[in-house]
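Enquirer: Protein chains in written order, with this note's numbering: chain A, 389 to 527; chain B, 13 to 546.
To spell it out: a stretch of chain B is covered by chain A in this simulated footprint if at least three of its residues, at any positions, have a beta carbon under 8 Å from a beta carbon of chain A; those stretches are:
1. 24–34
2. 37–45
Sample of chain A residues with no beta-carbon within 10 Å of chain B, all distances over it, derived:
3. Leu401
4. Leu404
5. Phe408
6. Gly416
7. His417
8. Glu419
9. Ser432
10. Gly442
11. Pro445
12. Arg451
13. Leu494
14. Glu523
Which residues of chain A face chain B? A partial, calculated answer using Cβ under 7 Å:
15. Ala456
16. Gly459
17. Phe460
18. Ser466
19. Val477
20. Thr481
Simulated from the structure, these hints should not be mistaken for laboratory data.
A virtual CB, placed ideally from N, CA and C, is assigned to each residue, including glycine.
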Amino acid sequence: MRTLIFRSVAPYLSSLMILFSIFVLLRGHNEPGGGFIGGLIAASAMAIYGIAFGVSPVRRAIRFHPMALSGFGLFLASVAGILSVFPGVPFLTGLWIYPEVFGVELALSTPLVFDIGVYFVVFGSITSTALALEERERD
Amino acid sequence: MALDASYDVDISQAMVVELPPLADWLVVAPLVVGFVFGALCLMTRKDTGRQPFVAITGLLAMLAADIGLFWHVYTNGTVVMTMGRWLPPFGITFAADMLGALLALVTGILGFAGGVYALQDISRTGRRYGFYPFLLLMLSGVTAAFLTGDIFNLYVWFEVLLIASFGLLVLGSEREQLDGATKYAFLNLIATTLFLLAVAYIYGVFGTLNMADISRKAASVRDSGPLFTITAMLLFAFAMKAAAFPLNFWLPASYHTPRIVVSGLFAGLLTKVGVYALLRIFLTLFGAERDILAGTIAVIAALTMVLGAMGALAQNDIRRLLGYLVISGIGSMLAGLALGSATGLSGAVLYAVHSMIVMTALYFLVGIMVERMKVFTLREAGGLYSSAPWLAALALMLFLSVSGLPPFSGLWPKALLVKASLDVGAWWLAFAILLSGLLTTIAVARVFAFSFWRERDTAQKGAGEVQPAPAATSGAMAGSLTALLLLTVAVGVYPEPVVRVTDRIAAELKAPSRYVEAVFPPGSEPLTTEQTEP
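Please put together the full structure from these sequences, using the hints given.
Expert: Rendered as structure tokens:
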């Protein structure tokens with residue numbers, strides 16, 4: 389799909405989709421959205437970028453191997469559960485802190501960390517699959 | 013904690029008010045450790061030089077957590093933790109009784125032994141394909157399946173270990189492996205789907221997925237609900253997972269294809285998860301249905317044992333032969349389940365522990381044998397006795413152990429099972445157990461005679477090949493094999509402590525109310541669905 393239109397639009401489209409995926413991830417706790425759907429959106433951004441420019445630019449762009457990102461996500465999600473050992477509550481209990489940042493109360497929590505972990509797991513594994521499929525087509 | 017501070021709500025109806033002691037974390041520790049180190053291995057996948065150290069550290073930490081958990085359960089009784097601070101029927105419960113803790117402990121031992129063995133058996137390419145992350149995630153899945161107290165969560169752990177096992181199975185992407193993996197994946201998915209359907213049924217009938225909750229409600233639902241249908245579906249699903257007789261064909265079709273350490277761990281762990289699930293379902297949850305199905309299970313058990321051993325007799329490939337021995341062992345465990353008496357259950361659990369250790373050790377042994385012989389087929393095997401007499405000694409001990417001959421760990425569970433069968437007058441079941449022992453002896457004696465006693469040269473004349481120089485066996489492989497062997501010798505020579513543990517497990521299984529009371533302590537009755545409805 390190396391048409392001029394697609395190649396010109398793809399970088400903007402991909403970056404917008406990544407931005408949107410982060411927005412969806414963050415609003416996910418109380419409204420529709422979350423790590424899983426956010427990860428899917430980000431992975432489709434990578435797929436679009438890959439269709440337009442080929443697989444190796446995508447691999448360069450994300451720096452790490454997608455499966456390593458998946459591993460990082462799994463690690464984050466586990467750590468989110470382990471954090472509840474410190475206040476002595478059972479595994480995976482949601483813990484909240486409300487720091488003031490620039491006069492705005494920010495609700496940070498372990499479910500958020502868990503969700504970011506899910507985001508990375510989904511993003512990593514789907515991107516890995518998509519890139520492998522696109523690579524196979526070429527040879 | 014914000015939960016208490018910012019909102020003034022009475023949470024005692026839905027959440028744990030009294031915080032659990034730190035020691036209770038041991039019930040989730042093995043699988044959390046497995047996940048964390050699995051994730052670390054996944055991140056360092058390309059660093060094949062350093063990755064084994066991360067993985068071995070993780071496996072060691074997992075084993076330590078398993079030992080801690082076992083000790084905690086042994087001294088303090090069933091340990092329960094419900095995730096996310098919810099009260100039992102709402103949150104997902106992990107409940108480790110003696111059965112779960114013992115099997116988790118054996119899993120930890122086998123996982124560590126497998127990780128060490130794999131240092132030599134799995135090449136750098138295998139590590140790049142992700143052997144260690146898959147291994148750690150599979151072990152987490154298996155351990156969690158033994159420890160969870162929620163039936164849907166059990167399904168999830170089955171999926172986790174299944175997906176990790178697919179990865180291990182196709183490590184190397186050889187044609188034969190893909191063929192084996194397809195059969196394995198397809199047939200296992202049928203069983204898993206059936207399990208999921210049964211879980212849906214359970215939720216429809218009981219309105220809960222917590223095993224302890226199901227167990228205490230079963231008596232009141234029995235008249236109106238289709239419990240027999242549910243248990244029959246679960247029996248089918250788990251019998252397939254455990255490779256019981258009519259549903260065992262996927263096992264010999266796939267277990268000989270992956271790397272030998274993977275085969276060994278599969279043989280030791282995966283089918284036993286099916287057996288564990290059967291014990292849990294039929295003893296803790298649906299005791300009355302087990303009594304009805306006992307005859308059927310007994311027939312399945314006898315056929316599985318005898319036909320498994322006969323299948324082993326007919327094989328030429330050593331790995332396929334071992335696959336049939338795994339199946340034969342499953343029959344013995346099912347016999348204990350069918351008998352249902354304290355002696356029978358104790359025998360079944362002891363047999364499960366014995367079989368986990370010995371089957372894994374046997375595959376490890378075959379790995380070392382094949383490294384020297386370069387062939388998997390009995391027809392071409394030979395000459396090992398002259399080149400490695402120490403290996404012959406190890407092999408003989410393992411072969412005696414798997415046949416159930418003294419002084420090794422196979423003897424005691426078989427003795428218990430035969431005694432339990434004769435106690436209820438099921439002479440034919442006792443006969444099947446003894447017959448399968450005899451057939452197993454003949455099958456492994458064939459392996460010993462062909463690959464150790466026969467001269468390599470006479471075997472080679474027919475094949476007309478040049479004899480390869482025997483490779484030196486690495487310390488990692490021989491070490492982990494010897495460690496497992498020492499365990500089976502220890503259990504065989506001094507079975508008292510282990511039998512005391514399995515007797516206690518049998519007593520716990522016979523009294524499911526103790527499991528229920530551990531999850532729902534008397535006096536602190538939580539909100540139930542009936543109470544919420546006006």
